[in-house]
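Now for the letters of each chain:
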Amino acid sequence: DQQVKQNSPSLSVQEGRISILNCDYTNSMFDYFLWYKKYPAEGPTFLISISSIKDKNEDGRFTVFLNKSAKHLSLHIVPSQPGDSAVYFCAASWRDSNYQLIWGAGTKLIIKP
Amino acid sequence: DAGITQSPRHKVTETGTPVTLRCHQTENHRYMYWYRQDPGHGLRLIHYSYGVKDTDKGEVSDGYSVSRSKTEDFLLTLESATSSQTSVYFCAISESSGLTYEQYFGPGTRLTVT
Numbered sequence: 001d002q003q004v005k006q007n008s009p010s011l012s013v014q015e016g017r018i019s020i021l022n023c024d025y026t027n028s029m030f031d032y033f034l035w036y037k038k039y040p041a042e043g044p045t046f047l048i049s050i051s052s053i054k055d056k057n058e059d060g061r062f063t064v065f066l067n068k069s070a071k072h073l074s075l076h077i078v079p080s081q082p083g084d085s086a087v088y089f090c091a092a093s094w095r096d097s098n099y100q101l102i103w104g105a106g107t108k109l110i111i112k113p
Numbered sequence: 001d002a003g004i005t006q007s008p009r010h011k012v013t014e015t016g017t018p019v020t021l022r023c024h025q026t027e028n029h030r031y032m033y034w035y036r037q038d039p040g041h042g043l044r045l046i047h048y049s050y051g052v053k054d055t056d057k058g059e060v061s062d063g064y065s066v067s068r069s070k071t072e073d074f075l076l077t078l079e080s081a082t083s084s085q086t087s088v089y090f091c092a093i094s095e096s097s098g099l100t101y102e103q104y105f106g107p108g109t110r111l112t113v114t
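For the record, the sequence lines run as chains Y and X. Letter by letter, the first sequence follows residues 1 to 113 in my numbering. Letter by letter, the second sequence follows residues 1 to 114 in my numbering.
Watch out, some of these pointers could steer you wrong.
[What the hints assert, rightly or not] DSSO-like mimics (lysine-lysine), calculated; alpha carbons at most 30 Å apart, straight line:
1. Y/Lys-71 <-> Y/Lys-56
2. Y/Lys-112 <-> Y/Lys-5
3. X/Lys-57 <-> Y/Lys-68
4. Y/Lys-108 <-> Y/Lys-56
5. X/Lys-11 <-> X/Lys-53
6. X/Lys-57 <-> Y/Lys-71
7. X/Lys-53 <-> X/Lys-70
8. Y/Lys-5 <-> X/Lys-57
9. Y/Lys-108 <-> Y/Lys-68
10. Y/Lys-68 <-> Y/Lys-54
11. X/Lys-11 <-> Y/Lys-108
12. Y/Lys-71 <-> Y/Lys-54
Hint data in this document are derived by calculation from the structure and do not stem from the laboratory.
Please model the complete structure; the sequences and the hints are all you need to start from.
Okay, structure coming up:
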């Protein structure tokens with residue numbers, strides 16, 4: 001049973017427009033959420049995170065929104081750039097987990113020129 | 001960039017042979033993790049370590065063992081490799097600051113079991 005779900009395997013967005021990647025979770029114990037970006041043949045790289053005490057966190061072009069009641073988070077990238085083309089993973093953790101992360105299956109973002 | 005290396009980067013082995021993958025860090029972080037990545041599954045935790053000689057199982061630990069005799073090294077062993085263990089394996093480390101949960105990843109090892 002997947003506790004973290006990314007229901008869109010891929011997403012195509014025009015360069016300069018907004019990219020919105022979505023993630024749903026089922027476990028109410030999760031209290032920390034992260035987004036990672038992965039290029040082929042490389043390890044994932046950390047992008048941005050959010051604690052459950054917040055509903056928004058922003059870092060440059062990247063903003064993560066958390067809706068706890070809906071158990072939903074989203075990553076907004078504005079404006080989208082060609083270098084943003086990658087696979088994006090959502091991950092979740094919880095207190096006393098030894099910092100374990102539970103991962104979604106990923107969404108492949110393609111930025112069209 | 002976090003100082004994490006993995007070796008080997010690529011390996012092809014035959015079914016039934018033992019395989020050991022190595023993760024080495026220069027950050028002196030307490031927590032280390034081994035994941036496998038397969039299409040449609042994201043990353044799945046195999047084992048993790050929260051200190052020297054302290055390890056625990058993850059979601060997909062069957063067929064794998066780990067050892068950590070030094071802070072900087074975390075070894076993943078497939079005692080008798082099977083074709084289902086063909087995958088890309090990633091090692092990660094965590095700063096474990098208590099306030100953040102970020103993990104930082106090595107470049108991965110692509111393992112093919114024939």
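So, going through the hints one by one against the coordinates:
A distance of roughly 14 Å separates the Cα atoms of Y/Lys-71 and Y/Lys-56; the hinted pair therefore holds under the 30 Å criterion. This hinted pair checks out: Y/Lys-112 and Y/Lys-5 have alpha carbons roughly 25 Å apart, not beyond 30 Å. For a cut-off of 30 Å, the pair hint linking X/Lys-57 to Y/Lys-68 stands: about 29 Å separates their Cα positions. For the hint pairing Y/Lys-108 with Y/Lys-56, the CA-to-CA distance comes to about 23 Å; that is within 30 Å, so the pair holds.
About 26 Å separates the Cα atoms of X/Lys-11 and X/Lys-53, which keeps this hinted pair within 30 Å; it holds. At most 30 Å may separate the alpha-carbon atoms for a hinted pair to count; X/Lys-57 and Y/Lys-71 meet this at roughly 27 Å. Between X/Lys-53 and X/Lys-70, the direct Cα distance comes to roughly 8 Å. Compliance with the 30 Å bound is thereby established for this hinted pair. A distance of roughly 22 Å separates the Cα atoms of Y/Lys-5 and X/Lys-57; the hinted pair therefore holds under the 30 Å criterion.
Taking the CA atoms of Y/Lys-108 and Y/Lys-68, the gap is near 25 Å; set against the 30 Å cutoff, the hint holds. At roughly 9 Å between alpha-carbon atoms, Y/Lys-68 and Y/Lys-54 fall within 30 Å of each other, so this suggested pair holds. Between X/Lys-11 and Y/Lys-108 the CA atoms are separated by roughly 26 Å; this keeps the pair inside 30 Å, and the hint holds. Our distance criterion of 30 Å between C-alpha atoms is met by Y/Lys-71 and Y/Lys-54, whose separation comes to about 13 Å.
Checked against the numbered hints given earlier, the structure satisfies every one of them.
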